[in-house]
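**Student:** Below are the chains, spelled out letter by letter.
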Amino acid sequence: MSKSTSDADAEEGRRERKGAEALVEGLKQEGVDTMFGITGGAIMPVYDVLYDDEDVDHVMMGHEQGATHAAEGYNTVTGRPGVCMATSGPGATNLVTGLADADMDSRALIAIAGQVPTDMIGNDAFQETDTRGVTMPITKHNYLIKDEDDVPDTVQEAFYITSTGRPSPVVLDVPKDVSKNTTDAVRGELDVEGYSPNYEGHPRQIEKAAEKIEEAEKPLIFAGGGAVISEASPEVRELAMENDIPVTTSLMGLGVFPEDHELSLEMLGMHGTGYANRAVTECDLLVGIGVRFDDRATGKIESFAPKAEVIHVDIDPSEISKNIHANVPIVGDAKNVVGDINEAMRDRDSPDTESWLDTIDDWKQKYPNEYEQDGDDLKPQYVIEQLDELTPDDTIVCTGVGQHQMWAAQWYTYTEPRTWVTSGGLGTMGCGLPMTIGAKLGAPDQEVVCIDGDGSFLMTVQELTTAVREELDFTLVIINNYYMGMVRQWQELFHDERYAESDLPHLPRFDEIAEAFGARGWRLEDEEDVEDVLEEALEYDGPSVIDAIIDPYENVFPMVPAGSGNDEFIMGKGSQGSRIS
Amino acid sequence: MSTDTPARRLPTGVREEEVPRAVDENEHTLSVLVENKPGVLSRVAGLFTRRSFNIDSLAVGETENPDYSRMTIVVTGDDPTVEQVMKQLNTLIPVIKVSNLTDDESVDRELAMVKVAASPEDRNEIMQIAETFRADIVDMGRDTVVIEASGDTEKVEALFDMLRQYGIKETVRTGRISLVRGEKSTED
Ligand SMILES: Cc1ncc(C[n+]2csc(CCOP(=O)(O)OP(=O)(O)O)c2C)c(N)n1
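From first to last, the protein sequence lines stand for chains A and B. In terms of my numbering, the first sequence opens at residue 36 and continues consecutively. In terms of my numbering, the second sequence opens at residue 13 and continues consecutively.
Keep in mind that the hints are not guaranteed to be accurate.
[What the hints assert, rightly or not] Below, in silico cross-link-like pairs of lysine-lysine (DSBU-like), each with a Cα-Cα straight-line distance of 30 angstroms or less:
1. A:K63 with B:K49
2. A:K63 with A:K401
3. A:K53 with B:K49
Hints listed in this document are in silico derivations from the structure and should not be mistaken for laboratory results. Keep in mind that this is a model prediction, so the values were computed, not measured.
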């Protein structure tokens with residue numbers, strides 16, 4: 036199948052090599068030095084190339100889902116595409132959850148899947164799955180590479196697509212014969228006709244936005260994951276601080292704006308602060324930056340920012356006016372657009388927000404996040420606060436999904452972007468440990484911790500093998516309530532306390548599990564031990580697992596019940612909550 | 013700035029006072045230029061399913077340039093929905109251009125075949141109807157005729173209406189295809 040070599044040979048860099056070698060070569064051209072995966076029949080030729088490759092560090096995972104989450108963690112902390120790999124059939128289908136997760140949270144990710152040889156495709160061959168078909172709705176794009184000559188261009192295109200515009204995963208489905216056949220093809224000019232993301236905001240829209248900001252009396256910035264991805268944190272900070280505009284973030288936006296700053300209202304939405312939710316309901320101008328107005332953030336659409344005109348900055352035109360109508364839509368890269376708005380604001384007056392900020396201060400007094408150390412039981416919030424105390428500002432915090440995730444969002448103080456790694460849009464239990472592995476490999480010099488749930492941890496616990504083998508230094512705290520806690524909370528509040536399949540009384544001793552894997556384990560039950568155990572675990576140079584046994588009935592408050600408006604939040608402590616309005 | 017405005021949004025995310033009129037549903041003809049590559053039709057069709065948009069009809073074929081195909085997709089929806097459809101189509105990498113031809117001066121055609129019960133007594137009448145619609149009889153059996161008609165949707169519907177009294181046995185339609193009239197190209 037190879038092109039004739041006569042002219043090509045003359046060209047520099049052209050040499051015959053296997054498709055698999057061309058693939059790995061392409062990864063290196065893209066600067067890949069770390070990837071995550073599991074081998075198998077159809078992908079073996081690629082692993083064979085990696086066997087004596089010295090530049091790419093392949094991390095073998097315990098499960099392909101783990102490989103995707105590790106790649107996600109790696110991407111989130113580095114900003115570079117995460118790369119994962121699996122064999123055909125079950126290997127490829129095991130990638131699906133992580134691909135959907137990365138798609139929802141806009142992460143750049145390349146997934147390479149082996150495929151049965153081209154002449155067997157469609158015959159239900161051993162370990163054949165239509166990977167392209169299966170992953171179509173959960174990726175930005177995917178390729179079935181049918182010709183080894185296409186490998187170099189396809190790899191180049193895949194990296195370009197996943198990491199530009201709005202990032203989202205790209206899958207490369209590579210049949211075994213394509214890996215094994217030889218080719219002398221090299222990458223050419225990048226040419227993707229139907230794809231040209233727009234990075235610059237329209238000047239007229241920028242002016243309009245600046246005008247609205249100048250005129251606003253109750254402006255509010257709502258920053259999200261898009262601001263993190265585009266590295267717009269300095270611009271968002273300038274916009275807020277130069278103009279005295281308060282800032283709230285979505286779950287994915289944690290760290291874009293320092294939560295210890297007086298203009299920070301922290302997170303809004305279902306488990307956002309009371310003051311952020313009051314502010315968004317009362318504001319007259321909402322500046323959405325890299326947010327997609329997800330229902331967990333907006334609550335009932337009818338009462339979301341009902342008095343506000345909306346400026347919406349997003350690189351993805353299809354997000355504009357999808358959920359919330361934008362009065363001033365600006366399609367572009369958040370960093371550029373907000374930078375331009377800052378520029379435009381220099382010729383204008385800052386809005387007069389003094390009385391607005393006073394009102395917000397009152398709300399801060401009135402609706403603080405609270406918990407009470409009331410009985411013998413350890414409180415999850417306390418553990419997280421202590422962890423916050425004992426770790427540096429640039430510590431990377433990973434989580435699973437559930438109550439512990441929300442407590443982690445509420446009770447740890449985020450001050451830097453790319454220090455928060457979680458599953459937002461998909462809400463994937465089990466993401467915590469593998470994301471932690473990817474995060475640590477991406478940021479080896481930073482402290483990395485994981486705040487996990489008992490149910491979540493159990494879903495990907497096998498990745499402890501990976502952590503031990505790779506000698507990774509991180510601390511994972513299981514907020515253990517012996518429940519699918521978030522489900523238990525909903526059952527208590529909305530299902531007449533009918534606790535269907537949410538209690539987990541027979542969980543193993545996680546400290547012993549950790550030790551059995553070769554990690555270190557602690558069991559933490561008493562408040563007075565918290566500091567010591569955390570210190571010891573943080574100190575230990577290797578994977579540390581703390582099984583923190585907490586009050587099983589502690590609920591996450593504030594809470595906006597699903598389907599309610601953001602101003603109808605329930606405040607509370609412990610298991611007790613009361614409606615505000 | 014907005015102290016006494018009504019504090020409510022519609023479920024569409026639009027503030028109430030910003031929508032004076034009721035949203036009405038309309039038929040839109042989208043012309044979608046795509047790369048002529050395997051899997052593209054599946055991506056487009058899958059997107060409609062995934063986002064719960066309805067397709068009234070879809071016709072696809074190669075263009076004057078064999079690297080491209082043109083899809084003509086008829087959708088019914090209010091303006092924001094159709095705008096979302098167009099934006100979502102644009103997120104697909106092999107989609108090169110999406111145009112909404114509804115407001116343009118476009119020529120719309122579809123091809124239909126209809127098999128009608130035609131007893132010897134009715135046959136003449138049926139043939140006359142076909143002629144009036146400039147449709148062709150393409151098959152004639154003992155008790156049926158097959159008529160081929162092309163035209164815009166209204167014409168095809170009108171023909172079907174006329175033939176219904178004799179008993180329509182089967183119909184098949186290609187779905188609408190559209191091009192912009194005059195110098196302008198469909199992609200402008
Ligand atoms: C893979 C997956 N399955 C099911 C759910 C539904 N779910 C959401 S939270 C939750 C309970 C989580 O329990 P745990 O990890 O122990 O955390 P906790 O809420 O107790 O802190 C469940 C089952 C989910 N989000 N993800």
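**Student:** Does the alpha-carbon distance linking A:K53 and B:K49 stay inside the 30 angstroms limit?
**Tutor:** 25 angstroms, holds
**Student:** Regarding the pair A:K63 and A:K401, is the alpha-carbon distance no greater than 30 angstroms?
**Tutor:** 55 angstroms, violated
**Student:** A:K63 and B:K49: Cα distance at most 30 angstroms?
**Tutor:** 28 angstroms, holds
This entry does not satisfy hint 2, going by the numbered hints stated previously; all others are met.
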